[in-house]
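Can you build the whole structure from these sequences, using the hints too?
The primary structure of each chain is shown beneath.
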Amino acid sequence: MSTEKRQEHIKRDVEETEEIQPNVEPGEMDEEFVEDLDSLLDEIDEILEEDSQEFVENYIQRGGQ
Amino acid sequence: MNLHKKRHRMSEWPGAVHFFDGGQQSAVSRACGGCILPEFHNPLLTDSFRWLMANKKMEIPIIMGTETEYGISVKNAREQDPVAASTLVVNAYKTSRDDAPSANSSVTWDYDQESPLVDARGFLAEAEPTITEADTNSAVNDILINGGRYYVDHAHPEYCTPECANARDLLLYEKAGELILEVSRITAERLLLDNQEIIIYKNNTDYKGHSYGSHENYLMSRKVPFDAIVDGLIPFLVTRIIITGSGKVGAENGSDEADYQISQRADFFEKEVGLSTMVNRPLINTRDEPHADDKLYRRLHVIVGDSNMSELSIYLKAGITSIVLQLIEKGVIGKKFSLKDPVAAIKHISRDLSCREQIELADGQEWTPIEVQRAYLKLAQKHLAPEERTPVVEDVLEKWQYVLDNLEIDPMRLSQHLDWVIKKKLIDAYRKRHGYKWDDSHVQMLDLQYHDIRPDKGLYIRLLKNGHVKRLLDREEIVHAMHYPPVDTRAYFRGTCLRKFPKHIYSASWNSMIFIGKSGGLDKIMMDRPHFGTQKIVGELLNNCTAEELVKEIRGNASE
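Protein chains in written order, with our numbering: chain A, 346 to 410; chain B, 1350 to 1909.
Chain B regions said to be covered by chain A (calculated; three or more residues, Cβ under 8 Å):
#1 1416-1423
#2 1492-1504
#3 1557-1564
#4 1775-1783
#5 1790-1799
#6 1809-1819
Each pair of labels, with its calculated beta carbon distance range:
#7 B:N1425 / A:R407: 15 to 25 Å
#8 B:S1703 / A:E391: 26 to 36 Å
#9 A:E399 / B:V1681: 46 to 56 Å
#10 A:Q398 / B:M1627: 24 to 34 Å
#11 A:G408 / B:N1892: 35 to 45 Å
#12 A:G408 / B:K1786: 23 to 33 Å
#13 B:K1620 / A:E399: 34 to 44 Å
#14 B:I1535 / A:D387: 21 to 31 Å
#15 A:E399 / B:D1805: 16 to 26 Å
#16 B:A1577 / A:R407: 32 to 42 Å
#17 A:E391 / B:A1577: 51 to 61 Å
#18 B:E1743 / A:E380: 30 to 40 Å
#19 B:A1433 / A:E391: 26 to 36 Å
In case anyone wonders, no lab produced these hints; they're calculated from the structure.
Ideal Cβ placement from N, Cα and C applies to all residues, glycine included.
Below, the structure written as structure tokens:
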């Protein structure tokens, strides 16, 4: 990517990301999200590491900073 | 002539001076066979430097980078050997790169430029320096064509971004690192048995009291007194976790119990200031290793942050911290926000999911973490000069305010924005469905798997792909950032040289490159000014020369 293109990218993305808005008003759930969340939870049930208890117990990471 | 007693000016970076002091002969001078390194001075660069100094609006524009230690585990391994697994993964990336000219090269890391035991408070910690032999060096180090570094640190694969001049680039290069880890993970996994999987997490804990770091680095002017940094930064770092926390199920390291807390790292911090990073961790780390001209710069090493998946969390973490450091340089913070007990406060804030509980300041006032963050934001809005308010800085200020406004109303409004809230929402829904308690292993597994870097298994990545979390970057530019350095720091020189002249480079570090000359001699180029070596300054030169010509050009300019 050329420098100009990168600069454009940065400019465009900075502009685009300014529209970040909460999709959910306090106390109210976005229905589409609830549906998506349901299918995501189905997915999680499928992809979560099996034998999670054994996995979590055996996950040990020494020597970190 | 006694090489080791003579002061050599050997850098083409203007004004950089390299000292060979007496005592132990360095690996480089051994490799050079005691040859005398030329004195470098490049007038081409001097002009730019003069321009920068004449037009400077700030003391030193802040340059930043992050280092991420990843958790690693091999499923179905007979025994876990994280050092071997990390070495396998880091080396796999070298062999995976058909496009990379440095694929089969063995560029080593120039450890001569490191001094991790120098303390910012003015003393040298006592410990044996470790010396890495050449074979081991290239087996555990990969200097990347994007200007970053990928290596084995203790028992973890670690990725360091190249030096970045703004928070958006920092985000971009940190995300490029996640892809680099995933590419190497896939490549390394091919070498294992069919039933074995390499699992890599971008998180900070094994939930058993062992933490691994996500370190940030900010280049600052040496003129800022270290005490001013300590005073101005601690209250900010302690309260910024409401924005930068990654979320964690449970508590560790003897801290008070918690079902869920905002920060992964908060439990591991035990004192305010110190040099250590592995035990008894301090909120402010005093390592004084600028990887640059130490008379001009310091590199502030921030070790208290969490590893983030959320793009907004990473972007704001780097963005707001660099802004606060600018405020500290301006001297506008002082002890205004000093906390009574910062170590206790960070743990308290981490456990308050409402972000509304007050903490006590040294002067007896009680503020919420949101109020402390707002006070910093207000100072930034007041004191940043117009020319310091670049588009990225302006954007960071807006998003900082946006996040604080929403945290104030209800943190759950940010369930598509900030890691700790995204994860909380996911776990809440998951627990509700299955009726799991907080300490159920499924809940812990979900917490871990949020940080999994695999696109088919990583929960954050699934949320991102399905459009449930906010995105600041597009895929194309992240892939680009795996292969090209930022254009506006010395990373440009490093990355471009590695891409163009892999066979001519013997060794490199953050502030040096050693070229192999025609006769086999070595030429060391110091890069002690991180704002130089940019595309603007050296782009044309690098585009139109061979490695020999580059070194000759530098030598030529030096002798003029």
